[in-house]
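S.K.: Taken in sequence, the protein lines are chains A and B. Sequential numbering from 1 applies to the first sequence in the working numbering. Sequential numbering from 1 applies to the second sequence in the working numbering.
Keep in mind that a hint or two might mislead.
[Stated by the list, open to error] The calculated lysine to any residue pairs, modelled on SDA-like cross-linking and capped at a C-alpha distance of 20 Å, are:
no., chain 1, residue 1, chain 2, residue 2
1, B, K409, A, K166
2, A, K153, A, K125
3, B, K329, A, K149
4, A, K86, B, E491
5, B, K673, B, I705
6, A, K199, B, E491
7, A, K112, B, G295
8, A, K117, B, K85
9, A, K125, B, D615
10, B, K679, A, E97
11, B, K237, A, A42
12, B, K627, A, K149
13, B, K598, A, I164
14, B, K459, B, G589
15, A, K153, A, G203
16, B, K91, B, F463
17, B, K329, A, G66
18, A, K86, B, N620
19, A, K153, A, K199
20, A, K149, A, E97
21, B, K689, B, D615
22, A, K204, A, K112
23, A, K117, B, F411
24, B, K476, B, E491
25, A, K112, B, N611
26, A, K117, B, D637
27, A, K199, B, G589
28, B, K85, A, F209
29, A, K112, A, Q191
30, B, K409, A, D31
31, A, K76, B, E491
32, B, K545, B, S585
33, B, K586, B, I334
34, A, K125, B, E491
35, A, K125, B, T622
36, A, K166, B, N620
37, B, K571, A, P69
38, B, K679, B, N611
39, A, K205, A, K172
None of these hints come from the bench; they were simulated from the model. Note that the structure is predicted; figures quoted are calculated from it, not measured.
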Amino acid sequence: MSNTDENKLPHGEPEIDELTNDRYLGGHEYDGIRELDNKLPAWWLYLFYFTIIFGLVYLVGYHLAGWWPLQDDEYKNEVAAAAVIKQAVPVVTIDLENLVPLTAEADLASGKETYDKICVTCHGKFGEGLVGPNFTDMFWIHGDSTNNKVSIKNLYDVVITGVIEKGMISYKDQLSPIQIQQVLSFILTFQGTNPANQKAPQGKKYDTFG
Amino acid sequence: MELQKFYYDNKIVKLFAYATLFWGIVGMLVGVLVAIQLVFPAFNFNLAFTTFGRVRPVHTNAIIFAFVGNGIFTGYYYSLQRLLKTGMASKWMSYTHFWGWQSIIVLAAVTLLAGFTSGKEYAELEWPIDILIAVIWVIFGWNMMWTILKRRTKHIYVAIWFYIATFVTVAVLHIGNSIEIPWSFLKSYPVYAGVQDALVQWWYGHNAVAFFLTTPYLGLMYYFMPKAANRPVYSYKLSIIHFWALIFLYIWAGPHHLLYQSIPNWAQSLGTVFSLMLIAPSWGGMINGLLTLRGAWDKVREEPVLKFFVVAITAYGMSTFEGPMLSLKSINAISHFTNWTVGHVHIGALGWNGFLTFGMIYWLMPRLFNTKLYSVKLANLHFWMGTLAILFYSIPLYWAGWTEASMFKQFNEAGELVYPNFLQVVSQIMPMYVMRIFGGTLYFLGAIIMVFNIVKTVKAGSFVATEADEAPALEKEGGMKSGEDFHRFLERKPVRFMILAIVAILIGGIVEIVPTYLIKSNIPTISSVKPYTPLELQGRDIYIKEGCYNCHSQMIRPFRSETERYGEYSKAGEYVYDHPFQWGSKRTGPDLWREGVKTGRLYKPDSWHYNHFMDPQKMNATSIMPKYSWLADYEIDINSTPAKIRVMQTLGVPYPEGYDKIANDDLKAQAEKIAAGLKAQGIDVDSNKQVIALIAYIQRLGTDISSGTETAETK
Numbered sequence: 001m002s003n004t005d006e007n008k009l010p011h012g013e014p015e016i017d018e019l020t021n022d023r024y025l026g027g028h029e030y031d032g033i034r035e036l037d038n039k040l041p042a043w044w045l046y047l048f049y050f051t052i053i054f055g056l057v058y059l060v061g062y063h064l065a066g067w068w069p070l071q072d073d074e075y076k077n078e079v080a081a082a083a084v085i086k087q088a089v090p091v092v093t094i095d096l097e098n099l100v101p102l103t104a105e106a107d108l109a110s111g112k113e114t115y116d117k118i119c120v121t122c123h124g125k126f127g128e129g130l131v132g133p134n135f136t137d138m139f140w141i142h143g144d145s146t147n148n149k150v151s152i153k154n155l156y157d158v159v160i161t162g163v164i165e166k167g168m169i170s171y172k173d174q175l176s177p178i179q180i181q182q183v184l185s186f187i188l189t190f191q192g193t194n195p196a197n198q199k200a201p202q203g204k205k206y207d208t209f210g
Numbered sequence: 001m002e003l004q005k006f007y008y009d010n011k012i013v014k015l016f017a018y019a020t021l022f023w024g025i026v027g028m029l030v031g032v033l034v035a036i037q038l039v040f041p042a043f044n045f046n047l048a049f050t051t052f053g054r055v056r057p058v059h060t061n062a063i064i065f066a067f068v069g070n071g072i073f074t075g076y077y078y079s080l081q082r083l084l085k086t087g088m089a090s091k092w093m094s095y096t097h098f099w100g101w102q103s104i105i106v107l108a109a110v111t112l113l114a115g116f117t118s119g120k121e122y123a124e125l126e127w128p129i130d131i132l133i134a135v136i137w138v139i140f141g142w143n144m145m146w147t148i149l150k151r152r153t154k155h156i157y158v159a160i161w162f163y164i165a166t167f168v169t170v171a172v173l174h175i176g177n178s179i180e181i182p183w184s185f186l187k188s189y190p191v192y193a194g195v196q197d198a199l200v201q202w203w204y205g206h207n208a209v210a211f212f213l214t215t216p217y218l219g220l221m222y223y224f225m226p227k228a229a230n231r232p233v234y235s236y237k238l239s240i241i242h243f244w245a246l247i248f249l250y251i252w253a254g255p256h257h258l259l260y261q262s263i264p265n266w267a268q269s270l271g272t273v274f275s276l277m278l279i280a281p282s283w284g285g286m287i288n289g290l291l292t293l294r295g296a297w298d299k300v301r302e303e304p305v306l307k308f309f310v311v312a313i314t315a316y317g318m319s320t321f322e323g324p325m326l327s328l329k330s331i332n333a334i335s336h337f338t339n340w341t342v343g344h345v346h347i348g349a350l351g352w353n354g355f356l357t358f359g360m361i362y363w364l365m366p367r368l369f370n371t372k373l374y375s376v377k378l379a380n381l382h383f384w385m386g387t388l389a390i391l392f393y394s395i396p397l398y399w400a401g402w403t404e405a406s407m408f409k410q411f412n413e414a415g416e417l418v419y420p421n422f423l424q425v426v427s428q429i430m431p432m433y434v435m436r437i438f439g440g441t442l443y444f445l446g447a448i449i450m451v452f453n454i455v456k457t458v459k460a461g462s463f464v465a466t467e468a469d470e471a472p473a474l475e476k477e478g479g480m481k482s483g484e485d486f487h488r489f490l491e492r493k494p495v496r497f498m499i500l501a502i503v504a505i506l507i508g509g510i511v512e513i514v515p516t517y518l519i520k521s522n523i524p525t526i527s528s529v530k531p532y533t534p535l536e537l538q539g540r541d542i543y544i545k546e547g548c549y550n551c552h553s554q555m556i557r558p559f560r561s562e563t564e565r566y567g568e569y570s571k572a573g574e575y576v577y578d579h580p581f582q583w584g585s586k587r588t589g590p591d592l593w594r595e596g597v598k599t600g601r602l603y604k605p606d607s608w609h610y611n612h613f614m615d616p617q618k619m620n621a622t623s624i625m626p627k628y629s630w631l632a633d634y635e636i637d638i639n640s641t642p643a644k645i646r647v648m649q650t651l652g653v654p655y656p657e658g659y660d661k662i663a664n665d666d667l668k669a670q671a672e673k674i675a676a677g678l679k680a681q682g683i684d685v686d687s688n689k690q691v692i693a694l695i696a697y698i699q700r701l702g703t704d705i706s707s708g709t710e711t712a713e714t715k
């Protein structure tokens, strides 16, 4: 009995499903489950063809023709585009010889933003100190002990060079000079505050700041 | 023709159905717990075995292999016997399969919580259990093939095609991905490292989705949907095409889990295009499922079973469209490592697998107990709760995924990251995590209602342990007849069918994995990359044991948003000694691959790490990382060092000859140095504690490349 014959009723006509008018496949019955002889839906077939063609074009475009960049080149392009943007940003120069704390609200707000992004991890939300020292008192680790004074320039140098053995990395590539000045100015606003969980004083007590 | 009488074994079906319900409830409850832990770290209970990194694999394994696994076997034992007009070939094999599978689940839960894990997602179980799985799986498959061979029907139905493909492919995947060398009774290292391990793992991982969560469930759909609707299957031709296309194409798609990562570009592209080509074959199943209801849509209104099936198949259609979309590079750049993926898989798990299982159970149990369902109203209530739950679960996670991606990638006019602190993003998506708990809990409660409904049904009925049926014996038939369609011929030659299925599923894996061994340029070597020190190796094993990879990736992708945040992007050659690889698949916390680079943005001192492991919230109030304070109590298992070194040497890691004997000297020296450094910072911890090893490992991460240059030997 060939497959085509299986589709026929004894009198030669294919059996038709009453609800859908579709043809049954003869001989296809499994525990009462029957199967219809419907063709593949055209849209389905075209979708399948489309994805196959897409796949071929994709492989050719990326790997044979080189129409589109692969990931390493894509990254290079992205970095090059960013370099252009960065160059366009005007560089704010600061006077390193006579560095003073900034007091303008905008500077302090910008300093706080940097602090909350970066410094907070080791120095605490309120400058109370965690792994790093607190900022609330006049005890400083990196002051200028020969002249017995500590200045914002001393702190600036710490941010630029880092104290890697203690875990403070150099931020010279992450922060611009003005950003460092701003964040240090913000940090100085912690002076004299008394937040909870303050870390014990570290370093040497200085009398003057400036 | 003379009719033969035979009996269907319903008891094995009943046992698997009970196991499905039981493990389903357990798996969902654990899911709710891990969802809560992501919002309230206190729910990690500060105990090693209740912490997220160990509990999350219990959730995924319980849902995939316990809930869905038992669901597969429930429907399979019921339908196989009836579709073949015979009882199971071997009773002892059926019951060994059942009890073997349940013992695997129990062993899995216990060992995972105890911290014995291979560190490879969805394949976390260690080598003795891997062997047990292989044995039990072969018993299951042997019994199936034997039953098929003694059938009384001439042809095998499409459901059985899917069962056969499931059996052979899962066996190949499981064995292929689990080749490992033990260094103790419960621990081993995989033979693959880095890029190769990643490719093998996601060849496995992706096809666990394909051949454990998809093909067997398509088989169940092809049986239970026409049965429940009492309608014919829409198109036999479509069954053939979509079946073969599906199993052939699926195997290739694994690398779409590794886009923009350190695997060869050609492998990534194959992953992308084969994923895309899967849309139509997957939808073939959806069409055949939904169009089987043509002429009977009115029944869907009355019959909760059909409602569950319709939502299940719709969810299947949605996630098999979404999957290929997520495999496009531009979309994957956004979605990968975020909660989008988690949302995506839950459409599949909650919608497709969950709802198909529920519908099947509601249909099956009254029949097994020769009664009616206790309450159609409660089943409808369950349906609506479940449907809403899927929305409440997935929409917040899609939203979270988008939020994460846009915040991670946002630069300001000056070209700097707007949200350089990872925690800013974590805090932003917290409300979505809360909504997800609500969605998950709702789904869980719906399942509880189902259990109640089923218990009532079971109590009202009387179990039909064996069911008699009659059919004529199968006549012997030889080769292909003239005019016989080739596939029709194949359907009465199950062994040939199985061999063809094996061929179809082997091709993709071979093409994608073998060249990474044969062609050197696929993984350019980096001369400065050295094996881990013994202490770092011990630390790495603690990292794996605690399941850190569940939340942290070790794979920086080549995007400016990632290199600005984490440092230099990852290179294939950096991972050559990573047995297993730990790239991760989700960033609940930040990537850690450059954590040890002292000039990097993420560098933190040993003392910070110590304090952070002890109490992450002390260091970052909004952190959701659990405490790992026991790491300062437990000692490093230095007795294992020589065996670990020897296994690594066997795997080709170039430790000097005889290093296993002196490795612990180096270990102690390095540990004492770290402990002394911590002491100088006021932290008193013995050098033999686990936290020391973990710190050593973390500080090593990503540091080899800073002095090295990448060279491909073939270039």
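S.K.: So, for every hint listed, does it hold in this structure?
M.R.: Right, here's what the structure says about each hint:
1. About 31 Å separates the Cα atoms of K409/B and K166/A, which puts this hinted pair outside 20 Å; it is violated.
2. A hinted pair counts as satisfied when its Cα atoms are at most 20 Å apart, and K153/A with K125/A does not qualify at roughly 23 Å.
3. This hinted pair does not check out: K329/B and K149/A have alpha carbons roughly 57 Å apart, beyond 20 Å.
4. Using a Cα cut-off of 20 Å, the hinted pair K86/A and E491/B is violated, with the two alpha carbons roughly 66 Å apart.
5. Restraint check for K673/B and I705/B: not satisfied, since their Cα atoms lie roughly 23 Å apart, outside the 20 Å limit.
6. A C-alpha spacing of about 77 Å is found between K199/A and E491/B, which places the hinted pair above 20 Å, so the restraint is violated.
7. About 67 Å separates the Cα atoms of K112/A and G295/B, which puts this hinted pair outside 20 Å; it is violated.
8. In summary, the hint linking K117/A to K85/B is not supported, as the alpha carbons are separated by about 69 Å, beyond the 20 Å threshold.
9. At roughly 16 Å between alpha-carbon atoms, K125/A and D615/B fall within 20 Å of each other, so this suggested pair holds.
10. Pair hint K679/B plus E97/A does not hold up; C-alpha atoms about 38 Å apart against a cutoff of 20 Å.
11. Restraint check for K237/B and A42/A: satisfied, since their Cα atoms lie roughly 13 Å apart, inside the 20 Å limit.
12. Between K627/B and K149/A, the direct Cα distance comes to roughly 41 Å. Violation of the 20 Å bound is thereby established for this hinted pair.
13. Between K598/B and I164/A the alpha-carbon distance is near 7 Å, which keeps this suggested pair within the 20 Å criterion.
14. Using a Cα cut-off of 20 Å, the hinted pair K459/B and G589/B is violated, with the two alpha carbons roughly 48 Å apart.
15. A threshold of 20 Å between alpha carbons decides the hint, and for K153/A with G203/A the separation of about 17 Å falls inside it, so the pair holds.
16. Distance hint between K91/B and F463/B is fulfilled; the C-alpha atoms sit about 19 Å from each other, no more than 20 Å.
17. A threshold of 20 Å between alpha carbons decides the hint, and for K329/B with G66/A the separation of about 16 Å falls inside it, so the pair holds.
18. For the proposed pair K86/A and N620/B, the alpha carbon gap of about 31 Å is over 20 Å, so the pair is violated.
19. Between K153/A and K199/A, the direct Cα distance comes to roughly 24 Å. Violation of the 20 Å bound is thereby established for this hinted pair.
20. Between K149/A and E97/A the alpha-carbon distance is near 16 Å, which keeps this suggested pair within the 20 Å criterion.
21. Note on K689/B and D615/B: the hinted pairing holds, with a Cα-Cα distance of about 17 Å set against a maximum of 20 Å.
22. Restraint check for K204/A and K112/A: the C-alpha separation of about 26 Å exceeds 20 Å, so the hint is violated.
23. Of the supplied pair hints, the one linking K117/A and F411/B holds, its CA atoms being roughly 14 Å apart against a limit of 20 Å.
24. The hinted pair formed by K476/B and E491/B meets the criterion: a straight-line CA distance of about 14 Å does not exceed 20 Å.
25. Note on K112/A and N611/B: the hinted pairing is violated, with a Cα-Cα distance of about 25 Å set against a maximum of 20 Å.
26. Distance hint between K117/A and D637/B is unfulfilled; the C-alpha atoms sit about 38 Å from each other, more than 20 Å.
27. For the suggested pair K199/A and G589/B, the alpha carbons sit about 27 Å apart, so the restraint of at most 20 Å is broken.
28. A threshold of 20 Å between alpha carbons decides the hint, and for K85/B with F209/A the separation of about 94 Å lies outside it, so the pair is violated.
29. As the CA atoms of K112/A and Q191/A are separated by approximately 14 Å, the hinted pair is consistent with the 20 Å bound.
30. Using a Cα cut-off of 20 Å, the hinted pair K409/B and D31/A is violated, with the two alpha carbons roughly 56 Å apart.
31. For the given pair, K76/A sits about 54 Å from E491/B by alpha-carbon distance, which is inconsistent with the 20 Å threshold.
32. For the proposed pair K545/B and S585/B, the alpha carbon gap of about 17 Å is at most 20 Å, so the pair holds.
33. Restraint check for K586/B and I334/B: the C-alpha separation of about 12 Å stays at or below 20 Å, so the hint holds.
34. With a C-alpha separation of about 70 Å, the suggested pair K125/A and E491/B falls outside the 20 Å cut-off, and the hint is violated.
35. Between K125/A and T622/B the alpha-carbon distance is near 11 Å, which keeps this suggested pair within the 20 Å criterion.
36. With a CA separation close to 19 Å, the supplied pair K166/A and N620/B stays within the 20 Å bound.
37. Under the criterion of a C-alpha separation no larger than 20 Å, the hint pairing K571/B with P69/A is consistent with the structure, at around 18 Å.
38. Proposed proximity of K679/B and N611/B is supported: the alpha carbons are some 13 Å apart, at most 20 Å.
39. In summary, the hint linking K205/A to K172/A is not supported, as the alpha carbons are separated by about 27 Å, beyond the 20 Å threshold.
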